[in-house]
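Engineer: Based on the provided sequences and hints, a complete structural model is requested.
Numbering-wise (the numbering used here), the sequence shown opens with residue 24 and increments by one.
Just so you know, these hints were derived from the structure itself, not from any lab.
Check each hint, because a few of them may be wrong.
Said to hold, decoys possible - Below, computed lysine-lysine pairings styled on BS3-like, alpha-carbon distance capped at 27 Å:
1) Lys204 to Lys171
2) Lys171 to Lys54
3) Lys272 to Lys171
4) Lys47 to Lys68
5) Lys204 to Lys234
6) Lys234 to Lys176
7) Lys40 to Lys265
8) Lys114 to Lys29
9) Lys40 to Lys176
10) Lys272 to Lys234
11) Lys238 to Lys40
12) Lys54 to Lys272
Claimed, not checked - Beta-carbon label-pair distances, calculated as ranges:
13) Glu111 to Tyr67: 23 to 29 Å
14) Asn270 to Lys228: 41 to 47 Å
15) Asp102 to Gly292: 45 to 51 Å
16) Asp115 to Lys234: 35 to 41 Å
17) Asp115 to Asn232: 47 to 53 Å
18) Thr145 to Asn177: 39 to 45 Å
19) Thr145 to Ser279: 49 to 55 Å
20) Arg211 to Lys238: 33 to 39 Å
Think of the CB as a built atom: it goes at the ideal place given N, C-alpha and C, for glycine as much as any other residue.
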Amino acid sequence: MKLSTKHLLDIHNLSRKDINLIFKLTSHLKKKQMKNKQHSYLKYKTLALLFAKPSTRTRVSFEVGMTHLGGTSIDLAGDKMQLFKGRESIKDTASGLSRYVEAIVARLYSHLDLLELADHSTVPIINGLTDFNHPCQALTDLYTIEEKLGSLKNRHLVFVGDGSSNVCNSLIQACYKLGVKITVATPRYYHPHSAVMERTGHFAKVIDNAKEAVKDADVIYTDSWVSMGQEKDRTNKIRRLKGFQVNAKLLSYAPSQVMIMHCLPAHRGYEITDDVIDGPHSIVFDQAENRLHVQKAILVLLMK
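Structural biologist: Okay, here's the thing in structure tokens:
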């Protein structure tokens with residue numbers, strides 16, 4: 024089993040068949056883990072984690088995933104790399120690392136840097152998050168919805184908050200590929216990236232009224248209002264997004280069985296309240312767990 028693409032840089036580069044293959048293998052690997060059955064498909068393989076930004080779930084889930092699969096991982100974060108000190112080019116870093124490892128997960132500030140890394144790498148590059156998108160997260164999210172509801176057919180995901188975020192960009196593309204209705208409730212300042220909207224034929228509905236958006240939602244999804252690298256705009260963003268908090272009042276406008284998702288880290292009291300993220304509608308930590316299972320499937324499909 025293989026994906027139709029060498030790298031996983033963007034949902035846009037995956038076919039529907041690719042995504043379904045990832046989901047099928049995810050379920051298989053998750054069942055094996057739950058039954059404590061050995062699944063060392065990547066024995067003697069090594070994964071490099073090239074992280075310019077902080078990470079908790081992405082880094083840990085990839086490291087643990089490689090261990091489960093019988094391989095090893097190397098943490099190349101921050102000051103461990105000449106690249107991040109400005110002493111080596113992306114091209115030379117990619118060319119050198121490709122001689123040592125079988126794949127690279129990269130979390131970089133610039134999506135253009137990720138594309139350059141892939142251009143010069145002879146091994147698969149997996150996008151662990153850039154300023155433009157976060158494909159591993161969106162794949163996990165859609166897998167989790169399918170797992171919880173049994174099917175993605177006729178489902179409606181509503182993203183509430185910063186519609187210009189990397190996670191929202193990837194969710195729109197994933198929903199488009201899989202035929203899931205998506206509405207983005209966001210202020211006019213934070214509409215989704217124009218390239219994403221054009222690629223998907225303006226598939227996502229974008230409105231500025233969160234209460235209206237959630238009235239027939241199967242899932243309400245939110246993300247941090249201030250992403251890494253946006254700290255200078257923190258005050259403005261919080262002011263503009265104040266009416267887009269996921270709280271009990273917003274849930275009162277949604278169907279009684281609605282599910283709540285958040286990619287984490289959560290800034291409690293800002294984009295989401297404690298009672299909602301910890302409440303009965305929340306599947307946030309099931310969603311977080313599935314990062315491990317989905318990424319294991321991605322690793323096997325790209326590295327085996």
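Engineer: Determine which of the earlier numbered hints do not hold for this structure and return their numbers in increasing order.
Structural biologist: 7, 11, 12, 14, 15, 16 and 20
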